[in-house]
Amino acid sequence: MSMDDLYQEIILDHYRKPKNRAPALQDEDVHVHHSNPLCGDEMDLRIRVADDKVDGLVFDGEGCSISQASASAMTQAVIGRDLKDALDLAEDFRRMMHGDEPARPDDLLDGIAFQGVAKFPVRVKCALLGWMAVRDAIETYQSGANAHTVTHDDDGGAA
Amino acid sequence: MSMDDLYQEIILDHYRKPKNRAPALQDEDVHVHHSNPLCGDEMDLRIRVADDKVDGLVFDGEGCSISQASASAMTQAVIGRDLKDALDLAEDFRRMMHGDEPARPDDLLDGIAFQGVAKFPVRVKCALLGWMAVRDAIETYQSGANAHTVTHDDDGGAA
Amino acid sequence: MTLDVQTIRKDFPVLSREVHPDTRLVYLDSAASSQTPLPVLEAMDHYYRWSRSNVHRGVYRLAEEATDLYEGGRTKLAAFVDADPRGVVFTKNATEAINLVAYSWVRRHHKPGDVLLSTLMEHHANHVPFLYAAKDLGLEVRHVPLTEDGRLDLDAARDLVADGRVKFLAMVHVSNVLGTRNDVAAMTALVRDANPEAVVLVDGTQAVPQMPVSFRDLDVDFYAVTGHKMCGPTGIGALVAKPERLEEMDPFLTGGEMIRDVSIESVTWNDVPAKFEAGTPMIAEAAGLAAAVDYLTGIGMQAVREHETALTQTFIDRLSQVEGVTVHGPRDAELRGGAISFAIDGVHPHDVGAMLDSKGVCVRVGHHCAKPLMKHLGVVATARASLYLYNDVDDLDPLVEGIVAARSFFRR
Amino acid sequence: MTLDVQTIRKDFPVLSREVHPDTRLVYLDSAASSQTPLPVLEAMDHYYRWSRSNVHRGVYRLAEEATDLYEGGRTKLAAFVDADPRGVVFTKNATEAINLVAYSWVRRHHKPGDVLLSTLMEHHANHVPFLYAAKDLGLEVRHVPLTEDGRLDLDAARDLVADGRVKFLAMVHVSNVLGTRNDVAAMTALVRDANPEAVVLVDGTQAVPQMPVSFRDLDVDFYAVTGHKMCGPTGIGALVAKPERLEEMDPFLTGGEMIRDVSIESVTWNDVPAKFEAGTPMIAEAAGLAAAVDYLTGIGMQAVREHETALTQTFIDRLSQVEGVTVHGPRDAELRGGAISFAIDGVHPHDVGAMLDSKGVCVRVGHHCAKPLMKHLGVVATARASLYLYNDVDDLDPLVEGIVAARSFFRR
Ligand SMILES: Cc1ncc(COP(=O)(O)O)c(C=O)c1O
Ligand SMILES: Cc1ncc(COP(=O)(O)O)c(C=O)c1O
Chain A
1 MSMDDLYQEI ILDHYRKPKN RAPALQDEDV HVHHSNPLCG DEMDLRIRVA
51 DDKVDGLVFD GEGCSISQAS ASAMTQAVIG RDLKDALDLA EDFRRMMHGD
101 EPARPDDLLD GIAFQGVAKF PVRVKCALLG WMAVRDAIET YQSGANAHTV
151 THDDDGGAA
Chain B
1001 MSMDDLYQEI ILDHYRKPKN RAPALQDEDV HVHHSNPLCG DEMDLRIRVA
1051 DDKVDGLVFD GEGCSISQAS ASAMTQAVIG RDLKDALDLA EDFRRMMHGD
1101 EPARPDDLLD GIAFQGVAKF PVRVKCALLG WMAVRDAIET YQSGANAHTV
1151 THDDDGGAA
Chain C
2001 MTLDVQTIRK DFPVLSREVH PDTRLVYLDS AASSQTPLPV LEAMDHYYRW
2051 SRSNVHRGVY RLAEEATDLY EGGRTKLAAF VDADPRGVVF TKNATEAINL
2101 VAYSWVRRHH KPGDVLLSTL MEHHANHVPF LYAAKDLGLE VRHVPLTEDG
2151 RLDLDAARDL VADGRVKFLA MVHVSNVLGT RNDVAAMTAL VRDANPEAVV
2201 LVDGTQAVPQ MPVSFRDLDV DFYAVTGHKM CGPTGIGALV AKPERLEEMD
2251 PFLTGGEMIR DVSIESVTWN DVPAKFEAGT PMIAEAAGLA AAVDYLTGIG
2301 MQAVREHETA LTQTFIDRLS QVEGVTVHGP RDAELRGGAI SFAIDGVHPH
2351 DVGAMLDSKG VCVRVGHHCA KPLMKHLGVV ATARASLYLY NDVDDLDPLV
2401 EGIVAARSFF RR
Chain D
3001 MTLDVQTIRK DFPVLSREVH PDTRLVYLDS AASSQTPLPV LEAMDHYYRW
3051 SRSNVHRGVY RLAEEATDLY EGGRTKLAAF VDADPRGVVF TKNATEAINL
3101 VAYSWVRRHH KPGDVLLSTL MEHHANHVPF LYAAKDLGLE VRHVPLTEDG
3151 RLDLDAARDL VADGRVKFLA MVHVSNVLGT RNDVAAMTAL VRDANPEAVV
3201 LVDGTQAVPQ MPVSFRDLDV DFYAVTGHKM CGPTGIGALV AKPERLEEMD
3251 PFLTGGEMIR DVSIESVTWN DVPAKFEAGT PMIAEAAGLA AAVDYLTGIG
3301 MQAVREHETA LTQTFIDRLS QVEGVTVHGP RDAELRGGAI SFAIDGVHPH
3351 DVGAMLDSKG VCVRVGHHCA KPLMKHLGVV ATARASLYLY NDVDDLDPLV
3401 EGIVAARSFF RR
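Residue numbers (the working numbering), protein chains in the order written: chain A, 1 to 159; chain B, 1001 to 1159; chain C, 2001 to 2412; chain D, 3001 to 3412.
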């Protein structure tokens, strides 16, 4: 494993100075808690929806640099988007993590920096954690609920 | 496997012209039925005791040449012996089949011809079948019973 | 398509061994265990020498390579039997695969009154686990009888399922004794007609090495496979299953690797197939099995099948002409695989085996772990010659010579 | 007695591999799986090339050789752990060995009201099978807590057994996370004082590779072993048991090889240990394990133990001095085996592992299949360096350098 392939500067920046990392969100609509017991990652993600758009989004939790940085980059890429659009983007990211070329590289913003992680199978689920949490939060919102807890050790295929 | 090591002329003689092979024994005291389901060998052995001696002994059954010949040779070695003495001889044969030098080679009579069988582990239990049956018959007699059925796939260690 | 057997034999060192001086080794016991070609040995050796480590979750290169080899084995085996890799659970042999079904399906789903259906030609591996479960649970087991020529008696089977109580069918695809290739589709249809919910397990141990198999086309719930009979290593087998079926099931062996989360009070299981793979798996063996699948695919399973069918026919025809020899099972090689059981009038199979061994010919003698079938055949044991891709007509003469010699030597 | 590590390393090809250019591979993950020395590979290769066949009841030479290799593996392993070969049941790994006990002993002997005792430092393999059985049967499970420095709290244990309801104890001999060597005699005495009939299973997976073990002296009922951590192949482990105990038990896996007689209605089991070995066994693996036992015996287990103890002490002492590093478990190497778990302040174990890998150092990061212990330690994961006979002090510098680098790279 080359450190440089995995830990690009952008990733380290997000890790050292995470964006939208906070323990609470005013007027939150949904709170999801995701954990990956096999890595010991824990993530709380809160979302506020307005006009069918992601109006507010924060995450908090514990995990390796990849999971924390990826969640940070995710928030920037997702805030302000239509719910449906955000789901689509999350799917794009997920497929990128499985080795596909992303369809919307520009929209992923810094998320694109994680493309190299696909080469490190054990780290793929770290990079996916935040994205799968936001996908779940949106779907939870759409289903009319306001909280959801998911325990997974997978690639986002299951909930 | 060399055919000559295994199938000595004495063995083949007993196989072709078995001694004391019969389906019944007059005034029998004990009848035991032994089978080795793994080889498909079946043996009926009948014994008559007088003065604490093996007064009459016949076997009948189905099995490979080794099991049939060995039973035949066994009857010759055992008939006329004290029960205790016969048990001791059976034990001597059993130990020979496990590679030990027999303590009573002369008393085994043609049984000694089976010494080479010890080199063929899969055939050891064939050679032992008749001897283990006679041991069981004597012990059954001593216990006061008159019949016993044993199913085994072993070296005579269990009954 | 004919196989170039001379070339193939070069991949199997033991075939050049002279167990007895100046006697070519003729291996006719592939139904017990096949020989293993060099590429399989090399694949395992390579893992041990250069990528040796445990699988899953290792963050270093060796562990990634080991994981790829192991999971690659799963993908390859799945493709080979045309199944979803999520339905492929690695086990140590076919027997464990069948026990998995007995424990995690039969014992957890069936109740007194339910009937398990089996056949009279099952290997103990596909008979005893269900007998054992049936005794513990108070289930009834019924057995499909056989026709004169050793095929399943489908008319009788129809009667056996008529009351609709048959909930589970365990049947062998290709018999290890009679050689019979069973019509899985016909049996499955018959059972499901009587009870659409019936679950079907097919023992594919002898089929997969010998012919193209499509799990999808068979459309059964479970299919058991073993590595050591298909040019693979010892110590690995697989349960191939419909993933949905696995998802409905509780685990069998539990421990590391198969859990998602666990505390001192409770546990959640991992996704399938991991849920059924507890502990450190057979890593080298999976790498070896992958190489075996590649090896067989390279030769072509259709070619293997054609070669074996032709060769089996030749063997059966010739053996049937030897005086005193009776061949069990179907006469038409199209209806069978390459296991040929036979009896020699007046000579015990053990003695046949010994004589054949002295001529360098390896056959199996005994009940072949199929005692109920032996009883049905009215014999205590048979001698069995079984063929594979490294056998050819030149293996027939030594067999026949040995049989003739055994007959003249042992006949009273 | 000191080991000649430079010479030993020549037996392990992977140690000469350069995963990253100009970087020596430093393998510190033997607690997950050890490397395999060449004589073990040669033993397996020899079987596959020259004696390949199935075991038991074959009347030809290859089958006799295979049987001797397989049964020879049993005899050798029995001698290695000072046990009766009749009590050695081969399994695919330690996990299966423990499940055998869970199914054939615990599930068939215990009733609601009975208590199973375990500890907070068990590997999931020695925890989940009993949790699962306890849920199904309505048994209670209690866990012995740990002292500050990661040893079993025997005073607390005494309280846990006081009501005499503890019928079964499952405990680890040497912890795969903390390294702790447990006092089996003390725990066993304590449990048997409260209930003389209590049955004891010890998980010896990490002990057998690292120190002389006498099953007879331990005087427990069951002892689980795995091949791949003791220089042996993957795909083989063993349950070592008192033969009398096995004789009392019903079988677990059923099928071929383990029956004495069977009909369509009934079955009688074979003698032990065959009764517990269903199907074609791990033949090549047993031959490999025999060679591993010979290899370790040649070096001497006392020497291995002394080497590891000294090396572990050196590692612990040095690691403890690195800023921000906390070593879990006992400080005194005499009280432990060679697994050293540590935390680096502010750096996630995954990131530590990645940095170490980039320096050629292989360590394991994660929960090491011991989630209840992680919870007890108040961490989600640890990094673990584990030592074996091919490690030496020259492996310490790369580890420390990697840790220092990880700390400066990742600390926020
Ligand atoms: C303490 C302990 N017990 C049990 C096991 C399970 O061994 P295996 O994976 O070989 O079944 C392990 C290995 O991971 C272990 O470290
Ligand atoms: C038809 C059949 N089923 C099952 C088995 C059991 O396979 P394994 O011994 O690999 O578990 C065998 C092999 O002996 C077989 O021939």
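These aren't lab readings, by the way, just hints derived from the structure by calculation.
Even glycine gets a Cβ: it sits at the ideal position worked out from N, Cα and C.
A few of these clues could be false.
[Claimed, not checked] Where chain C lies over chain D, by a calculated footprint (3+ residues, C-beta under 8 Å): (1) 3042-3049; (2) 3197-3206; (3) 3385-3397.
[To be verified] The calculated BS3-like cross-link candidates involving lysine-lysine, where the alpha carbons are at most 25 Å apart (straight line), are: (4) K2359/C with K1119/B; (5) K3375/D with K119/A; (6) K2135/C with K3135/D; (7) K3135/D with K2111/C; (8) K2111/C with K2076/C; (9) K1119/B with K3111/D; (10) K3111/D with K2111/C; (11) K3135/D with K3167/D; (12) K53/A with K84/A.
Are K3135/D and K2111/C close enough, with their CA atoms no more than 25 Å apart?
-> holds, 20 Å
Count residues of the region 3197-3206 of chain D with a Cβ under 8 Å from any Cβ of chain C, then say if the count reaches three.
-> Per the Cβ count (0), the hint is violated.
Restraint status (C-alpha distance of K1119/B to K3111/D at most 25 Å) = violated, 49 Å
Proximity test - 8 Å, beta-carbon atoms, the region 3042-3049 of chain D to chain C, at least three hits = holds (count 4)
Verify the proposed pairing of K53/A with K84/A, using a straight-line Cα cut of 25 Å.
-> holds, 9 Å
Hint consistency between K3111/D and K2111/C [alpha-carbon to alpha-carbon, up to 25 Å] = Distance of about 21 Å is within 25 Å: holds.
Could you grab the alpha-carbon distance between K3375/D and K119/A and see if it respects the 25 Å cut-off?
-> Violated, at roughly 31 Å.
Given hint K1119/B paired with K2359/C - CA-CA distance at most 25 Å | holds, 18 Å
Is the Cα-Cα distance between K2135/C and K3135/D 25 Å or less?
-> Distance of about 23 Å is within 25 Å: holds.
Is the hinted pair K2111/C and K2076/C satisfied, with a Cα-Cα distance of at most 25 Å?
-> It is violated: about 37 Å lies between the C-alpha atoms, which goes past 25 Å.
Pair hint outcome, K3135/D versus K3167/D [Cα-Cα no greater than 25 Å] = Cα-Cα ~16 Å, so holds.
For the region 3385-3397 of chain D, do at least 3 residues have a Cβ located nearer than 8 Å to some Cβ of chain C?
-> Our answer is that it is violated, as 0 residues pass the Cβ test (under 8 Å) against chain C, missing three.
In this structure, the earlier hints numbered 2, 3, 5, 8 and 9 are contradicted, and the remaining ones agree with it.
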